Amino acid sequence: DGGITQSPKYLFRKEGQNVTLSCEQNLNHDAMYWYRQDPGQGLRLIYYSQIVNDFQKGDIAEGYSVSREKKESFPLTVTSAQKNPTAFYLCASRGTGTTNEKLFFGSGTQLSVL
Amino acid sequence: ILNVEQSPQSLHVQEGDSTNFTCSFPSSNFYALHWYRWETAKSPEALFVMTLNGDEKKKGRISATLNTKEGYSYLYIKGSQPEDSATYLCASISNFGNEKLTFGTGTRLTIIP
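Here the protein sequences line up with chains A and B, keeping their order.
Residues in the first sequence are numbered consecutively from 1, following this note's numbering.
Residues in the second sequence are numbered consecutively from 1, following this note's numbering.
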């Protein structure tokens, strides 16, 4: 079945450690996104990519890094520079063929700090 | 309006009643407006993608309108059912060719049986 897969579902980070969240899609979508959700807040955009080998910073990119080496994959690394990484992370993808393309979301990764 | 804003933040509605809530977005360089429903323990799912001023879309008991000149969209739910309980998110895209979607904080809807 076509869809978007995030892993792991739960992730724990130690102080000073970098961790990578996986996002894979088989929908042949050009655009991919990473959002962060904190309790009581909306989805905030971390990074997005419109095409392979290109990506743009969102509203809260500091302390995060991404890569887009393949169309299907858009991993997010939470670096040690991100001082408040505990949050729920959602990955999404979207086709760009028409103006009416909607987002498809993964099931999310809950990241916690040990 | 610089950000996408949604109101109210939360809402309790009696089963069978109708309800509506608002999404405000920057009207300059408007490109598209999305509505999503996010049920607990599930992934957000798209309800509508709207692009034209005056557009109205409907999906069962849920409908949405769009005013791009004044920068707002309304989501209506007719005859609320318990399965309508969810957080409703809107997101806007500004500028053609820029795929950045900015979300509002959502309206959390609880239907009281």
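Take the hints with a grain of salt, since some may be wrong.
Only part of the chain A face toward chain B is listed, based on derived beta-carbon distances under 8 Å [as the list claims (entries may be wrong)]:
#, residue
1, Thr5
2, Ser7
3, Lys9
4, Ile60
5, Phe88
6, Gly97
7, Lys102
8, Leu103
Hints listed in this document are in silico derivations from the structure and should not be mistaken for laboratory results.
All values reported here derive from a predicted model rather than from experimental measurement.
Cβ atoms here follow ideal geometry from the backbone N, Cα and C, with glycine treated the same way.
Practice prompt. Report the numbers of all earlier hints that the structure fails to satisfy, in ascending order.
Written response: 1, 2, 3, 4, 5, 6
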